[in-house]
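Listed below, chain by chain, are the residues.
There are 2 protein chains.
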Amino acid sequence: MISPELLRRYPFFGTLSDEQLRNIAMIADEETYDEGKILLKEKTPADDLFLLIKGSVDLLFKVEEEYHPERHKEFLVGEINPGEIFGISALIEPHEYTSTVRTASPAQVIHIDGRALREHCETDPTLACHLYAQAARLALERLNATRVQLAAALA
Amino acid sequence: MISPELLRRYPFFGTLSDEQLRNIAMIADEETYDEGKILLKEKTPADDLFLLIKGSVDLLFKVEEEYHPERHKEFLVGEINPGEIFGISALIEPHEYTSTVRTASPAQVIHIDGRALREHCETDPTLACHLYAQAARLALERLNATRVQLAAALA
Numbered sequence: 001m002i003s004p005e006l007l008r009r010y011p012f013f014g015t016l017s018d019e020q021l022r023n024i025a026m027i028a029d030e031e032t033y034d035e036g037k038i039l040l041k042e043k044t045p046a047d048d049l050f051l052l053i054k055g056s057v058d059l060l061f062k063v064e065e066e067y068h069p070e071r072h073k074e075f076l077v078g079e080i081n082p083g084e085i086f087g088i089s090a091l092i093e094p095h096e097y098t099s100t101v102r103t104a105s106p107a108q109v110i111h112i113d114g115r116a117l118r119e120h121c122e123t124d125p126t127l128a129c130h131l132y133a134q135a136a137r138l139a140l141e142r143l144n145a146t147r148v149q150l151a152a153a154l155a
Numbered sequence: 156m157i158s159p160e161l162l163r164r165y166p167f168f169g170t171l172s173d174e175q176l177r178n179i180a181m182i183a184d185e186e187t188y189d190e191g192k193i194l195l196k197e198k199t200p201a202d203d204l205f206l207l208i209k210g211s212v213d214l215l216f217k218v219e220e221e222y223h224p225e226r227h228k229e230f231l232v233g234e235i236n237p238g239e240i241f242g243i244s245a246l247i248e249p250h251e252y253t254s255t256v257r258t259a260s261p262a263q264v265i266h267i268d269g270r271a272l273r274e275h276c277e278t279d280p281t282l283a284c285h286l287y288a289q290a291a292r293l294a295l296e297r298l299n300a301t302r303v304q305l306a307a308a309l310a
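For the protein sequence lines, the chains are A and B, in the order given.
With the working numbering, letter number 28 in the first sequence gets 28, and the count goes up by one each step, no holes.
With the working numbering, letter number 75 in the second sequence gets 230, and the count goes up by one each step, no holes.
By construction, these hints were calculated from the structure, which means they are not laboratory data.
Some hints here could point you the wrong way.
[Stated by the list, open to error] Straight-line alpha carbon distances no greater than 30 Å define the calculated DSS-like cross-link-like pairs of lysine-lysine that follow: (1) B:Lys217 x A:Lys62; (2) A:Lys73 x B:Lys217; (3) A:Lys73 x B:Lys228.
With the hints as extra help, turn the sequences into a complete structure.
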């Protein structure tokens, strides 16, 4: 469990009620990691939603050769800064991570149990609405940032 | 106005109630365009949500040179196929399109009035929840597809 007040500081959770923040705080934990730690892997079940408190993490995307899956390359497709959420697939069907996340420096991170969060969403439509809208906004922001990278790579 | 039954065929709207579909159908219109028509422009207010019925449209992303905004390049960052939604920024704050959409062939398109749709969302949390979740799912799918393109461009 973490302090609900900690969550309130971050825009993703900012407008939730005291009770909603308390419910989320109860299914959340804080951990600190060294540089180079893989926090989540693409194409695996999205079991946790993450909030980066300190440090930085890289979003990586792996491309396998069709007939040689053992030969793959990893590309940096984004970075997460303190205060940002990652692992939003925990909120969005089919609940499977779409990139790999690795700490780029020592990092302090909050994990929120995805299954428990989804159960809260089922019984609290206001919470669900808020979280889905935030997740959509975030996905669109990252889509935009990735398009900027793509355009730069194509230029 | 379009037929509510037309909307029901598409997964984005599939699980909505008869009344919700009717409400959306009442703020929707169908139009046909020639190839090469710009349907929406990036960085402009997201006034409409679109559903592609027939044909195909390209998602384009413009990059301006910092000190020479008149010199810009346009990059293809995605394609939309029949049955797919585009212009999801109409549902997601700050309600500004993130790419330009141009018909790549003659296209039959449904426009849904974004402002009216957002008003429905304000009074109908179930509708809002459903649409935000769908928008988030779609944004994440496009993010994934764009990462594939980015990785290919970097490879």
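For each hint, the structure was consulted:
1. B:Lys217 x A:Lys62: Status holds; Cα separation ~26 Å.
2. A:Lys73 x B:Lys217: With Cα atoms ~28 Å apart, lysine 73 of chain A and lysine 217 of chain B stay inside 30 Å; holds.
3. A:Lys73 x B:Lys228: Judged against 30 Å, a Cα distance of about 28 Å means the pair holds.
Hint violations for this structure: none, all hints satisfied.
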